Amino acid sequence: MTADTMSARLDWYRTMVRIRIFEDKVQELFMAGQIQGTTHLCQGQEAVSVGAIAAMRPGDVQTNTYRGHGEALALGMDPEVAFAELMGRSKGGSGGVGGSMHLIDFSKGNIGANAIVGAGLPIAVGAAVAFQMQGKPNVALSFFGDGATNIGTFHEALNMAAVWAAPVVFIITNNLYGEYSPLRTTTPIDDLARRADPYGFPGIVVDGQDIEAVHAATTEAVERARAGKGPSLLEMKTYRYRGHSRSDPAKYRPDGELEAWKARDPIEILAKALIAAGDLGPNDPVEIRNETQAEIDQAAERAATSPFPTLEETRPYVYAD
Amino acid sequence: MTADTMSARLDWYRTMVRIRIFEDKVQELFMAGQIQGTTHLCQGQEAVSVGAIAAMRPGDVQTNTYRGHGEALALGMDPEVAFAELMGRSKGGSGGVGGSMHLIDFSKGNIGANAIVGAGLPIAVGAAVAFQMQGKPNVALSFFGDGATNIGTFHEALNMAAVWAAPVVFIITNNLYGEYSPLRTTTPIDDLARRADPYGFPGIVVDGQDIEAVHAATTEAVERARAGKGPSLLEMKTYRYRGHSRSDPAKYRPDGELEAWKARDPIEILAKALIAAGDLGPNDPVEIRNETQAEIDQAAERAATSPFPTLEETRPYVYAD
Amino acid sequence: MSTLTDAAPAGASGAVTDLTYREAINAALDDAMAADSSVLLMGEDVAADGGVFKTNIGLVEKYGLARVRNTPICENGFIGVALGMSLVGMRPIVEIMFADFLPTAGDAIVNQLPKYRYMSGGQTAVPVTIRAVGGATGRFGTQHSATGESWFMHLPGLRVVTASSPGSAYALLRAAINDQNPTLFYEHKGLYARKGPVVRGVAAHIGAAAVLRAGSDVTIVATLLMVERALAAAEKLAADGIAAEVIDLRWLRPLDLPAVRASVEKTGRLVIVEEQVHAAGWGATIISELTIGGIRWASPPRRLSLPDDLPIPYTPTLEDEVLPSVEAIVATARVSVGR
Amino acid sequence: MSTLTDAAPAGASGAVTDLTYREAINAALDDAMAADSSVLLMGEDVAADGGVFKTNIGLVEKYGLARVRNTPICENGFIGVALGMSLVGMRPIVEIMFADFLPTAGDAIVNQLPKYRYMSGGQTAVPVTIRAVGGATGRFGTQHSATGESWFMHLPGLRVVTASSPGSAYALLRAAINDQNPTLFYEHKGLYARKGPVVRGVAAHIGAAAVLRAGSDVTIVATLLMVERALAAAEKLAADGIAAEVIDLRWLRPLDLPAVRASVEKTGRLVIVEEQVHAAGWGATIISELTIGGIRWASPPRRLSLPDDLPIPYTPTLEDEVLPSVEAIVATARVSVGR
Ligand SMILES: Cc1ncc(C[n+]2csc(CCOP(=O)(O)OP(=O)(O)O)c2C)c(N)n1
Ligand SMILES: Cc1ncc(C[n+]2csc(CCOP(=O)(O)OP(=O)(O)O)c2C)c(N)n1
Ligand SMILES: [Mg+2]
Ligand SMILES: [Mg+2]
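Protein chains in written order, with our numbering: chain A, 1 to 321; chain B, 1001 to 1321; chain C, 2001 to 2339; chain D, 3001 to 3339.
Keep in mind that a hint or two might mislead.
Computed far set for chain A versus chain C, every beta-carbon distance over 10 Å [claimed, not checked]: (1) Ala55; (2) Gly99; (3) Ser107; (4) Lys108; (5) Lys136; (6) Val163; (7) Ala165; (8) Ile204; (9) Lys251; (10) Asp279; (11) Ile288; (12) Arg289; (13) Pro309; (14) Arg315.
Short derived list, chain D residues pointing at chain B, Cβ under 7 Å [claimed, not checked]: (15) Asp3045; (16) Asn3070; (17) Asp3309; (18) Ala3328.
Source of the hints: derived by calculation from the structure; they are not laboratory data.
Keep in mind the model is a prediction, meaning the values are calculated, not measured.
Glycine included, C-beta positions come from ideal geometry on N, C-alpha and C.
From just these sequences and the hints, can you work out the full model?
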């Protein structure tokens, strides 16, 4: 492994840990009432966000969902800015008016976190077609869930992307549930990658717990798009450790399912690989965890010191001139 | 061929001829201003309407589109009632408020002719699921075009039908164009039957000019649904002889395409078969044509004698009590 | 067809119980499904753990997964499915988790449900009820907080109704389910925990607003969450000797103009309290129709609405700030009566 | 960004030509695409044979299939695509063949376009223009005849504009395309053949209504096809010595209340002429806001609208009957002025 790829993997590791601890902190702050409304956490899915986004290059963009904290942090959003947004403070990425479902940062290619299932897909296709028209070498990614593959925009977006050979990569974060519904109760097939076939472009099943696999598959799809060969659909098989949102206890999950998935924790898997390769010392994981915990705790504290915006402050967010 | 199936085929033949002449008459009346607004004619597609509907049994229902005159007549709507509707007269199937895009007759299982592309599919699924819940042995068919396979409701309807194993048959009348757009400019594949795969039920390509093939494929799908085995998607390859609507000259069609399709005219194909089998005499086609022409001309004349409805007359059509 | 009528209520008829708004909706669903086997409930996770807002507790156990049917995520599609069911003898109730998702089903709601009977020349009825959960105060942000109550009130063929209390939620939902026409039934997510008396087995009259408090000085018209704020304001105003008449509008289509007119003819003053932008809403419609009708305003009508040019913010402080408050209602009513 | 401004108009600037409404829209599209390579037109069959209503003649030949882009049939999807394009430097114009199809794209129009900038805290502009072809008189039946003009006027973040003549169609469409915010631009299919003067290269002011005829006795406010009927009525009224002021409202969001108020303060009388149901429309909004504002009505405002409880029929005789006619406007204005 080259020093480069090694440091890249160490970055991946640190980022996954950051996301994990960030999300745990969000849950804590939500229970404490410092974050209100709702939260949709992504513990367990970190390899998908980090591995796929590592395949992006400057100028590339992506859209994600209300469960988008992983993508936002993987794209480099400052945890303090993210916490501030979740707390509704001025310092938040959207000035505090967006909240947990809308961590957005255009400067980092995060052009949308949508609270409407399926709405992000056509937007990503639009950005991709624009790049094509502008002669730019850029690509758009769209992250969405398994449940989103049942809504019309999924079909409409994939069809348009195919017709226009748009440089877009559709990434299904298949965590086996749409809210409280197991995939199979709302979807007649198991492998959602199959849903690429009617559009004539590749659909690939990927082990979403293995960041190496996620990164390799996404890189191939991204470079394919960049080369003008059109879209791809990637199905990342993964799992969300927590309930769907807020304080959902996820009673609908069969006994042992959570444990089975935790046995293949994406952070652990990469740690093992890095340790085996000698790129990570046996105590590094604990140290990194502690450092990150401190970083996250401080970020949350600083965020809480930011004031709530005034209505006047938010008026310019409505119309541009 | 049994006497039964023979007389059935003669009925098919007469019905196809009736549809053809009805549509020609509609064009004539539209040009004369007796029918206003718009018309979407189906000359060339008669085998799809007649062959598929011949597979229905009492209690079965179907939804179709603004291009639904073929289905309406195949289901037995009186041409006079149909003309009256197209002319906006009281005697029309919808009392004259619907017009050309809405030939509807619940008493004959024609529960919808929709002017919104794709809207009829979920409605058919709903009827099918209702039959399932009611323990009825009935089936719902849904007729729609190739262009409709690109809108969200297509995907949503097929997915729900699969999840609930609904007794529904989706019938694509693939006439190669969506309005002025050739299929390939809006759709990335040639065989739309392939679009059944992501839902895990059969998708079958059918020669839409050969009524025997249409009827066989539909019968199999209908009986499959009736047996509780779930939905099917049938792609009928056919062609519309006239433009999309009104006075569209269809300049967008390559030279010779129309002629090539007319060489496989569905009415001619059945006539040949019936004559070869001795079920139709060499002069019968001309006679049937003339009889039917007279029938249609008289129907149109009688329809024109029906008065326009008054507003009062139409108020009860809005709310039921 | 349900056997329920106002004249001869079915089930545990007439019995009065104290229920929460959530329980009242649950009871209405339960009683309607018990009274008529063609009634079913469908939507995303309606059968999972009592539904997202726990309004459906116990229903799947009682009526099974066919009649309490989880759907894939596809609002436009499954409202179309409900329409199809209604054409062949079923009476579906569709749950829309957040009213903000109604536009996702825009075609089904605008071009299909209200026009379906009409396009057929009256050949069919369309007994579909859509339960939409709307409203702010939940910190759900700009895509999950609209009441959406006036979005479809202009559509001939549709009925639109809003529930402000447990009692009205029960009676209005029974009326909606029992009606032969497509009805949009709006719930407010901020009201689920409210408790109040519910008369089982009795459906409300379609199109009838309710005068919740009589008064001769000023008329206050509100819907959903704003009704309890209007009542609280009336209480305070009474303490200062101002008698406010509070009307729960309930139905937006048909709109009960006669009830509002009768009240304003008495008071000469009107304060509209609406959890929506004023433009193109029921409040503007009422003021316009009364004015066209030549009503005598003792003082110009007033309104408390959401800001004209601001979406609903997530920011907790701002979400509270943009909603009409009891204090604002009191102050506005005082200006109206001039003391 | 287009270089076009009111101050320094681009292109064949200031040149006045007589064009049909159809040609004026074509000219606006052409001039906007010529002035700014980031402008594109997309929609169903926009490049086929000049488009369904022939508004796009010559554009694909000039700008190619990438900038005059035929789409599959999926309104919600391709408006979402336009939104995505606008986030990375393009200025898409989306053609919606019939305004009735706008609800098919309900989510994109209600939850995405108007809220996208807001949800991001102002990080982006959303320069998307949607051209929607609406209106009756075409005998297209109940699913193809709505103007839909007021459906989205309550949405903060959106702009809504209507074109009643070739001149305004050109100037307003240029303004819409040039604006940084999502704008719904309504055309009326009954106006395409109308001819009138067009000033090339000049965009209209956003939010400004137009007083088309001055008068002191009664104010008539209309949009789209109703504007020419209002003008014809004013002509007849003038013959009887009644001076009607005719206002083409043009913008529904932002709504030019000051312009209407100024006129009604002068005339004291108002007749709304709208090709829509009155409930939840711009007419009701205007009457409500003026009344709230305490305007002095010399006589109650009046309205000519579509029937409250009837969809638009295909029936040619009935379609004509339900639309406000010149005669009805004249009669209503006479009642208003009392002679
Ligand atoms: C159009 C629409 N319908 C319903 C919802 C409510 N909702 C939010 S998340 C969700 C489940 C989505 O499941 P999936 O796509 O698998 O994503 P996940 O939450 O598992 O990440 C639903 C139904 C919504 N936000 N938008
Ligand atoms: C939602 C919607 N979008 C657009 C239209 C306009 N339109 C009417 S027919 C048609 C083409 C449909 O093509 P296809 O599905 O192949 O059916 P065909 O007309 O060929 O029978 C279009 C775009 C519509 N009626 N509904
Ligand atoms: Mg999921
Ligand atoms: Mg076609």
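request  = Could you work out which earlier hints the structure fails to respect and list their numbers in ascending sequence?
outcome  = 2, 9, 13, 14, 18
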